[in-house]
Amino acid sequence: MAIAGEQPPALAKFLKLVTSIKADDATEVLTGLLKRREITSSRNVAKAVAKLLLRFVSQNRHTKLSESQGLIKDVRELGRHLVAAQPRELVIGNIVRRVLGVIREECHESNALPGFADLTLGGRLSRASSIGEESTDFGSNPASGTATPHSGRPFSRDGGEDDIDAMSRRKSKAYIPPNLRNLTRQGSIALPNPSYGENNLQHALFSLLMNSTPLPSDSPGLKPEAKEPFEDKDIRGDVIEGIRELIDELEMVDEQVAAHSETHIHANEIVMVLGSSPTLQTFLMKAAVKRKFTVVMIEAYPNDFYETQEVLRAPSKTTPLVGLKNPGKPSPANKDEPLTSAELKATLTSVGVETILIPDSAVPAVMSRVNKVLMGSHVILRNGSMITTAGARTVARCAQEHSIPVVVVSGVYKLSPRYPFDPDSMLETGDSSTLIGWEDGDMVGNAEIFNPTMDFVPGELVDHYITNVGGYTPQNLYKLVEEQYGSVIDTLE
Amino acid sequence: MAPASKRGTAKKSGFLEEAPEALLQAVVIADSFNKRFRPLTLEKPRCLLPLANTPIIEYTLEFLALGGVEEVFLYCHAHHDMIREYIRDSKWSKESSPFQIRVVYSPSITSVGDVMRELDQSRLIKEDFILVSGDIVSNVSLQGILKEHKARRLADKNCIMTTVLREVSPNHRSRPRGENALFILDQNRERILHYEYLKQSDSESAVFLPRELGKTCPTMSFQENFLDCCIDIVSFEVPPLFTENFDWQHSRKDFLHGILMDELYGKTVYAHILKSGYAGRIQSLQTYDSILQDIIRKWTHPFCPDTNLDEQTYKYTKGHIYKESKVILAQSAVIKDNSIIGSGTSVGDGTVIAGATIGRNCMIGKNVELHSAIIWDNVVVGDNCTLGNCVVASDAHIGAGCTIESGAIISFGVAVEKGSIVHKTAKYTKIGTKAEDLIEYEDSEDDEDEQIETSMGGLDSFDDEFDYSDISDFEDDDGETPNKKKKLGHTRTPSESEADSFFREAYNSLLGALKQGHSVDIMILELNGLRMSANAEFSEVRRATATAVITYIISRLAGGEVAKAVVDEILQKLLPLFNRMIFEVNDQVELLTFIQKELSGKEKGGVLMQAVGMKLYNEDLCDDEGLLAWWNDDNGPKGETPEMTKVRAGAKAFIEWIQQDDEEEESEEEEDDDEDDD
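Those protein sequence lines, which keep their order, are chains C and Z. Here the first sequence stands for residues 601 to 1093, where the numbers follow my numbering. Here the second sequence stands for residues 7 to 684, where the numbers follow my numbering.
Honestly, the hints are just simulated from the structure, not real lab data. Note that the coordinates shown come from a computational prediction; the quantities given were computed from them, not determined experimentally. Careful: at least some of the hints might be erroneous.
[Said to hold, decoys possible] Each computed DSS-like pair below joins lysine-lysine, with the alpha-carbon atoms no more than 30 Å apart:
1) C:K616 to Z:K100
2) Z:K281 to Z:K324
3) Z:K321 to Z:K259
4) C:K635 to Z:K342
5) Z:K100 to C:K673
6) Z:K281 to C:K635
7) C:K616 to Z:K132
Next up, chain C with everything else stripped away, as it sits in the complex (with noise of 0.2 Å):
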């Protein structure tokens, strides 16, 4: 239940036009926008790149199932397109490999019907031939479905085959063999090749009974059952689906976290917050509608520091603030209900939180005094490390000084399965009038100014994550990566 208003123009625009133009306008489009960084911030083109993998992934050619690997080619290339744009805008890679997860994870699911359980393989085989990039005599030649070195080529060279596998395995929990692609390179099994036309199938099941080697007693993938045509399904409504809960996620995000947050803040603590995340700020006034504390603001300046005070000076623009104090009548149990004026007014100070605003220089010594620091991110890496509102290290190095935990809240769509090897390329340097007005002759030529914009905080100075998806320690984060990626590795870089 977003308040409009909150976007700024540039993305409120590109989400209208969007849905009006091809796909690959909007894709060149967006690109200009993240260029000109008229669009910035996690969120922001978190939405923006999931509204239009929506529209790309709706216009795309390849909408069946024996097309999907196809589907995942071209999303992998808008993915790289995208990343060239801004490479410093994570998140693009994130959401770009959530969509690649959607498609396989339908892959699979359209996969497992009955009868075609367990035949995986077969149904890649055929889709993988379909594409024509790899050997095309897969069709054509059933004999090919006979165990030769060639036929496991192109699982060999494509690693999205392996994706599946992976996923699958991940998602059913049901065991597969892991390698029956060894079973096939060692000339163990045919592959049966279920593809559209009667003749296909029944060359292969007949190769099939050519090939008198016995089967593993768990491939039941040569019932009688296999004999119903290969069901070329449509997958694309369902990853529209699934792009759909993602862009879903990305608006009830903030809520989501902000559930943590009774368990985080206890009465009468004071909280040191850096960042002006909307997630942060939910995350703050959703603890105050239960508890009383002290919240200590870092200035953040000077590129963030309007923003900072905006968390304070403004109503939150996220949360409904269901269940919020509000004397003289009672909390709208009702979502539908619209909201007061006075909880659409209701800031950190309204609601009875004590806010102290410092400068950055003063953290230290604040430090002793507080009993947490409470961070938003730009995006979380996979090692446990972060990037955030420069400043942070600082911050988190003084914290760590003083033995007081480090709390990052965040969705879970900021987390990159990137290892940080050069986190200097991840950082962005800011305009250098931030700093020092352009006009001023003396200065300029004369001083060197630099004004990055983003600070790398290595995992070791976090204490905690807390994200939409349940709290981690920086240590675990790997394995949230692999449940929201799995163990493919998409290279968009």
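Based on these hints, arrange chain Z on the given structure of chain C.
Frame of chain C, contents of chain Z only:
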């Protein structure tokens, strides 16, 4: 360019919902109309020169895209074909471009004023629009300024322009040297009351203000510290004003000054003084260099090399160093802060790159020192060279052991021999030569300003004082022989260039009047005004008239009308005009010669010549004496091209008829004389 309808349907619908009014239009003038970038602009238009390895025009278009512009008209003159081609192949012509772009070329454009007049005629503009030149680098969002402008328009109907200004400290490196402007603002520093163009050399001279100024505005703010980036939000009423004042050339010196000086207009101009954001205009090599420095140092964020506007692969590393992928650096090469290196470039051992900008596929040898040098693509720099803050254009070859001082310009494809020393004022180009020999394209302007500027060193030294001359980069390539040393400033004597400019103006105004069917009285009035203001000879008037009329006739003929009828109709209408410029026989001859010249090489030239001659004869504008004098004057003379002879041949029948007629008359006259004698 895609027609409006094609794009307008699907794509723009999203925008239209937001703003049901007209599209936001912008006019980009992709020509500087001056020669400060010579000799580089001999081969490439200024707006396509690389700035931080991205063509300058990209920055302007990105800026407009950022401002939410939906339609762009790109007016160009010099190298218009290159610009057109560039735009056609760029992302801006694609469906996905944030705006629709149209490249407009007209040979008659030689100043900003011409563009505005052209704009007025084309009727492309329906709403207030943004006027910028094609060399703007800015990250300011126009939306806020537009909103302010609109609010002001509602409050003050006479507000015709909002101009974007930037306050800078006096010694700011981005201030264009050699030129300055005085703005007089009202007490709120919103309205511009007066504008005066100042030259640094004559800062002592007095400035005359309108008397009323003091009465209406008791408090005024005199400011000279503005950086005028020529970003204007202009009302649709402005182009017609330019048409009215056909002598306005420059948008500041003529238009802004003129409109504020003259109480009669009663128009107001407002200033938007930028408080944040970056805006700069590449007006000269000095500003080119300083804006490049600003881009490297992230003042223009997000328009920096690592944004990869032009599909590059730049990556930012600490110290404002931008490197593209596939750069080959020797282990002992040193890259210091504020450097840009394009892909495919290799740098040899022991080379020091200190704040230099290097394009793609360059070969930098060993032990080279590059201090703030600006090197474009495919340049080869030999071993042991030292380059200062100079510009080395694409495909240049610099031999081993050269020293190139700050301020030198090595244009496209020039090869500098090994061991040579290039001085700071040197400008080398290959244009106009057949072989590899170089021409020194030297600025031998020896006045005071030059001295002052040279002392500033580096690229600062190139401000050509005589900018804003109405000659575009392209204009005088054809006429002059570039093989010899040329002056950068005035190559023509003042009278010549004045005559030329008069001719052009008169021609344009006449042609425009003819096309729009103005009455002949208006044309006479205009022509007279022009003649007086330029102090032009009648001969020039005749030339302009002949050219304009013939051009018009030919354009009408293209529509398929009958030659004779058209000529008769047009000349009939213009009789009073011709009457005022023909006084004696010589004038007739001259006029006919101009007409003949104009008709040469044209289809139906002969037929037209005859028709025109007959008409003039019939209307007694030309008598047989004049016609015959013309006929005999250059009959078989020097300087007549075969085409002109062809035209003349067309009129043969008519002349012969006159000759006969004449002879008869003569005999009659003789008789008369005889009678008189009696």
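Structure-based check of all given hints:
1. C:K616 to Z:K100: The hint holds at about 20 Å.
2. Z:K281 to Z:K324: holds (28 Å)
3. Z:K321 to Z:K259: With Cα atoms ~42 Å apart, K321 of chain Z and K259 of chain Z exceed 30 Å; violated.
4. C:K635 to Z:K342: Holds - the C-alpha atoms of K342 of chain Z and K635 of chain C are around 26 Å apart, at most 30 Å.
5. Z:K100 to C:K673: holds (24 Å)
6. Z:K281 to C:K635: holds (24 Å)
7. C:K616 to Z:K132: holds (26 Å)
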